[in-house]
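A.B. asks: Residues per chain, in single letters:
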Amino acid sequence: MDVMDKLKILTDAAKYDAACTSSGVDRRGSGGSIGSAVSCGICHSFSADGRCISLLKVLLTNVCRYDCRYCVNRRSNDVPRAAFTPRELAELTIQFYRRNYIEGLFLSSAVLRDPNYTTEQMIRVLELLRNAYHFAGYIHAKAIPGTDPDLITRLGRLADRLSVNIELPSQQSLSLLAPDKKKEAILSPMQQICRQTEENQSDRGRYSSAPSFAPAGQSTQMIIGATPDTDHQILQLTQGLYSKYHLKRVFFSAYTPVAEDPLLPALNTKPPLLREHRLYQADWLLRFYGYRAEELLSDAHPNFHPLLDPKADWALQHPEFFPVEVTTASYETLLRVPGIGPASARRIAISRRQSRPNFTHLKKMGVVLKRAQYFITCGGHTLLPLTLSREAVLRSLISQQGVQWLQDQQAFTGEQLSLFPASAGLLEELSSCLPLSN
Amino acid sequence: MFTPVELIYLCEDSYEGFLSCVFESFLKKERPENILSENSPQLVLLPSRRIPADSARARRVEAFLPRCLGLSLYRLIQYSYLSCFPQKELYMLMLIQETYEHRSFNLGEEPLHSLYACVRRLERETQHLKGFIRFTDYDGYLVSVIHPQNYVLPLLAGHFADRFPQENLLIYDAEHHAALSCLQGQCELFPLESLALNEVSSPEQQIHTLWKEYCRTVAIEGRLNPPAQRNLMPMHFRKDMTEFEKEVR
Numbered sequence: 001m002d003v004m005d006k007l008k009i010l011t012d013a014a015k016y017d018a019a020c021t022s023s024g025v026d027r028r029g030s031g032g033s034i035g036s037a038v039s040c041g042i043c044h045s046f047s048a049d050g051r052c053i054s055l056l057k058v059l060l061t062n063v064c065r066y067d068c069r070y071c072v073n074r075r076s077n078d079v080p081r082a083a084f085t086p087r088e089l090a091e092l093t094i095q096f097y098r099r100n101y102i103e104g105l106f107l108s109s110a111v112l113r114d115p116n117y118t119t120e121q122m123i124r125v126l127e128l129l130r131n132a133y134h135f136a137g138y139i140h141a142k143a144i145p146g147t148d149p150d151l152i153t154r155l156g157r158l159a160d161r162l163s164v165n166i167e168l169p170s171q172q173s174l175s176l177l178a179p180d181k182k183k184e185a186i187l188s189p190m191q192q193i194c195r196q197t198e199e200n201q202s203d204r205g206r207y208s209s210a211p212s213f214a215p216a217g218q219s220t221q222m223i224i225g226a227t228p229d230t231d232h233q234i235l236q237l238t239q240g241l242y243s244k245y246h247l248k249r250v251f252f253s254a255y256t257p258v259a260e261d262p263l264l265p266a267l268n269t270k271p272p273l274l275r276e277h278r279l280y281q282a283d284w285l286l287r288f289y290g291y292r293a294e295e296l297l298s299d300a301h302p303n304f305h306p307l308l309d310p311k312a313d314w315a316l317q318h319p320e321f322f323p324v325e326v327t328t329a330s331y332e333t334l335l336r337v338p339g340i341g342p343a344s345a346r347r348i349a350i351s352r353r354q355s356r357p358n359f360t361h362l363k364k365m366g367v368v369l370k371r372a373q374y375f376i377t378c379g380g381h382t383l384l385p386l387t388l389s390r391e392a393v394l395r396s397l398i399s400q401q402g403v404q405w406l407q408d409q410q411a412f413t414g415e416q417l418s419l420f421p422a423s424a425g426l427l428e429e430l431s432s433c434l435p436l437s438n
Numbered sequence: 001m002f003t004p005v006e007l008i009y010l011c012e013d014s015y016e017g018f019l020s021c022v023f024e025s026f027l028k029k030e031r032p033e034n035i036l037s038e039n040s041p042q043l044v045l046l047p048s049r050r051i052p053a054d055s056a057r058a059r060r061v062e063a064f065l066p067r068c069l070g071l072s073l074y075r076l077i078q079y080s081y082l083s084c085f086p087q088k089e090l091y092m093l094m095l096i097q098e099t100y101e102h103r104s105f106n107l108g109e110e111p112l113h114s115l116y117a118c119v120r121r122l123e124r125e126t127q128h129l130k131g132f133i134r135f136t137d138y139d140g141y142l143v144s145v146i147h148p149q150n151y152v153l154p155l156l157a158g159h160f161a162d163r164f165p166q167e168n169l170l171i172y173d174a175e176h177h178a179a180l181s182c183l184q185g186q187c188e189l190f191p192l193e194s195l196a197l198n199e200v201s202s203p204e205q206q207i208h209t210l211w212k213e214y215c216r217t218v219a220i221e222g223r224l225n226p227p228a229q230r231n232l233m234p235m236h237f238r239k240d241m242t243e244f245e246k247e248v249r
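So the sequences go chain by chain: A and B. Here my numbering is used: the first residue of the first sequence is 1, the next is one more, and so on. Here my numbering is used: the first residue of the second sequence is 1, the next is one more, and so on.
Looking at chain B on its own, in the form it has when it is part of the complex:
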């Protein structure tokens, strides 16, 4: 039903932009060769078509998707969009088109296999970050900086707002230049280019020292296993974690 065409869709960098591409492909009954962001620096040899984001069309697609895919695949689509998989838009479109046409799927085949794999990575990173995020108290505000590979802030909001309803939190995503603030349990997501932090106060430094000492003491000397530690806690999380920060002066 969907004819493959040698064409590249250039879409806006947003979920609405992606949904507009879905609308376009169903309208023209075609499957593009690739879907790229219009800001992407990639050189394209094939002819391309720019698809503007249209909120009316996007809303229609959004209403249609749960009915077409069923709830679990719809959730997969939503979560895939948050992941860092480079060709996610194309695979998501393929999934929507194939499910619309055939109504059956095999977990071992594309596009489901890749989408499930990238959502698993997204969920694993979220689960890691729920534990590895470290807050520092700056005058009563709890601030944390993270460097995630996937866009995980929407998935962290509910957990931290629920856990600290009386605190004021700020989680800054330095990779995606976005920030999540939870003030007294109310969350807000907004773009933030950079964050400059003051020096840590002396009482706060004491708590950091207590925690570092705790982590150091709790290891049993006869069972040291740095490879296991690296395996379970990947190195790239450590730069944001208090117990691994370099000693101050």
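So that you can see chain A by itself, here it is in the shape it has in the complex:
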């Protein structure tokens, strides 16, 4: 089998892994090596599904001993199998890197023989890249659950980022759908990587020659839509992972059916892209806007609003917080206004030291006034007269696609309603804010 066929098979097998950022570490090049890294990451291309191509994302092999029911590479699935030799993969990486196609390598693998053996093969590839080819670009390696701690340490010395896939949001679904992967086998490498990256950060602060261990930190991934877990459960798990393991990112991958199975959604189920999008929006709110998971969702409202993003939803449910006076409010308070993000809030805070902003200035600074106008005052004045209906506010916060979806719902009621556990009352309220056109 030549390199082209192997590349096709092993790229196809790896593409459902959502993580592909090349961010997190700044590393200047040096004379004897090839490569550097920038902490903001660089997108080298975008695939036809709109996702960033930044790394060469492949499996070392798709020959797997496990039989996880949602996975295309599971033992019982009849697909072509292939494996790269370490030299082939290293050479491919370097040739792509030289031509500026990629920032580096994203290496994962199916479990060949056992986790330790597989990890040793991955370490061989990375050692070849770092030591023989003197590669100083970005490497993201997947740690296989169940691997020995010593091998994880060796892997972390060579890679920039490590990740262990959480796979599924609850232990129950994990034991049903992926019985070979035990919860402890997943969490204990995460704990080890968290501890070692933090120890390493303080070591490198004290000793300049300390070898680095996963300087870009740790991330994880879970599959959305394969199990009946609610958004509330997923978001709480995400918040817990950030606080306990100090992850850099949690990735959500919308479940794409690859197999017929009584425990999984039907083969013709569309991937829950809107749900994945809402979870990423909520993830951003947790990390950059200072929200807590409890503020966004609760047991009474366990799922995200289909038409409103989580921030707008929170704003409508908390009218006591508004209006916010733009000239005096703190940065954290400004972040809570729909239409104001970290960049606009920062610009407002900087320029109001020099002069008083007005609404024209706010618009030029990047504030989305169409959304924010209902929630802010500037020098005591609002942009619009105060007699506003809730419907008017709701209409301005729903996106164009949301309006289209709602009109489709009005025309065609039926099974689609079950996609979102929205109450009849909610849909009525939303319908009332649309113009009466059919």
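Just to be clear, a hint being listed does not mean it is correct.
[Claimed, not checked] Chain B stretches covered by chain A per the calculated footprint, using a threshold of three residues with CB under 8 Å from any CB of chain A:
#1 163-170
#2 204-218
#3 237-245
[As the list claims (entries may be wrong)] Here are the simulated DMTMM-like cross-link-like pairs (lysine to aspartate or glutamate), alpha carbons at most 20 Å apart as the crow flies:
#4 Lys8(A) / Glu221(B)
#5 Lys212(B) / Asp49(A)
#6 Lys212(B) / Asp180(A)
These are computed hints drawn from the structure, not numbers from a lab. Beta carbons are placed, not taken as given, at the ideal position from N, Cα and C, and that holds for glycine.
We have chain A; now place chain B onto it with these hints.
C.D. replies: Frame of chain A; chain B shown alone:
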């Protein structure tokens, strides 16, 4: 302090030329109606004055600017000059004069708003190009052709020289007829009217095919989204990118 006059400055097409105009405006305490390049084909109805580039005057202005503006605004001026904003010289002069006079600024007002916007576009294009530039190996030399809207070569030099210290690179800017060469980490910028390239060798073609196949395979069929792809990767970059080049024969 600066009286607006109905006059057009014609300056040389260089940073030194611009700095000489700044010197002239401070000397005469005036603000011209517009600053145009002396080679510009634009028809001017107002009286114009040609300002020759003077290196002594330019050096004095260059020493004065960081003190007057502060480091962040000085950087803004330097970067604005690289951008493709048509009235950049006039706005840069306005910024210098206003900061000298009033010492305060509002990010929502001209000229700062426009200058920040055009520098943001410049930086965004640079960031795009750091990822979208594709090199082709011609006998050990890595060559790339780009068509940027802004003059980004000075901003790309450091990144690529640092990343490939042992390679020999050439990036040709076909819009501005300039080239950047990084030979073993040493960079040089020089004008280049045109670049003729040989046919791509067969081993090189194989690597191109591998990359095209990779890009095609990595997309998930159930999530195809060409509008998102177009939004994140504007169409005008694609003509220089390997994965979008037409199949050879």
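A.B. asks: Does each hint hold? Answer for all of them.
C.D. replies: Hint check results:
no. : hint                  : verdict
1   : 163-170               : holds (count 5)
2   : 204-218               : holds (count 10)
3   : 237-245               : holds (count 3)
4   : Lys8(A) / Glu221(B)   : holds, 15 Å
5   : Lys212(B) / Asp49(A)  : holds, 15 Å
6   : Lys212(B) / Asp180(A) : violated, 36 Å
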